[in-house]
Amino acid sequence: STASAFGSPSAPMLECLIRTSFISADVTRNNALVRVGNLLRQALNQISPSGAAPYLVWRKVVIAMVRRAAAEGDVQDGIDVEALGHAIWSSLVGTALLSGATGEDPIPRLAQVWEITLRGVVPAESLPYFNAFVTRTAQQYRRSQPISTA
Numbered sequence: 024s025t026a027s028a029f030g031s032p033s034a035p036m037l038e039c040l041i042r043t044s045f046i047s048a049d050v051t052r053n054n055a056l057v058r059v060g061n062l063l064r065q066a067l068n069q070i071s072p073s074g075a076a077p078y079l080v081w082r083k084v085v086i087a088m089v090r091r092a093a094a095e096g097d098v099q100d101g102i103d104v105e106a107l108g109h110a111i112w113s114s115l116v117g118t119a120l121l122s123g124a125t126g127e128d129p130i131p132r133l134a135q136v137w138e139i140t141l142r143g144v145v146p147a148e149s150l151p152y153f154n155a156f157v158t159r160t161a162q163q164y165r166r167s168q169p170i171s172t173a
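In the numbering used here, the protein residues as written are 24 to 173.
These are calculated hints, taken from the structure and not from any lab test.
Because the structure is a prediction, the values reported are computed rather than measured.
Hints are not guaranteed to be accurate.
[Unchecked claim] Estimated spans, in silico, between C-beta atoms of each pair: (1) 106 x 80: 29 to 35 Å; (2) 154 x 94: 18 to 24 Å; (3) 142 x 56: 24 to 30 Å; (4) 33 x 74: 21 to 27 Å; (5) 165 x 71: 34 to 40 Å.
All C-beta atoms in this analysis are idealised placements derived from N, C-alpha and C, irrespective of residue type, glycine included.
Go ahead and model the full structure; you've got the sequences and the hints to work with.
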């Protein structure tokens with residue numbers, strides 16, 4: 024089922040956030056209707072403040088997920104979860120926008136974002152686990168050949 028794609032209900036929230044970012048990138052990359060919808064949303068933002076609404080909702084969701092990950096012990100003590108959520112959200116949105124603009128596959132870029140982010144965020148004893156999770160998840164969504172820009 025679609026729900027199971029996001030991970031088990033008992034999975035750590037940080038895992039769910041990582042997996043969700045790859046699922047979102049994969050759906051956007053493979054579904055023309057989703058890509059067109061994203062372009063229309065970006066264009067709407069040029070003429071109406073309502074174009075920002077989906078981005079702001081997504082930011083709230085990411086911050087809530089980061090807050091839960093922190094409560095589960097997967098964020099180092101002393102990190103401002105609101106600021107971390109905003110930084111992760113910005114990285115995910117930026118990766119999506121730039122991948123769309125350049126035609127680059129977003130999956131390797133997301134893996135890089137997560138590998139760098141995790142280094143400064145998760146407790147040292149959890150880093151190998153989450154790095155391996157990012158690697159496995161990225162491999163699930165990696166293309167065997169580059170995206171055609173034709």
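Hints not upheld, ascending by number: Those not satisfied are hints 1, 3, 4.
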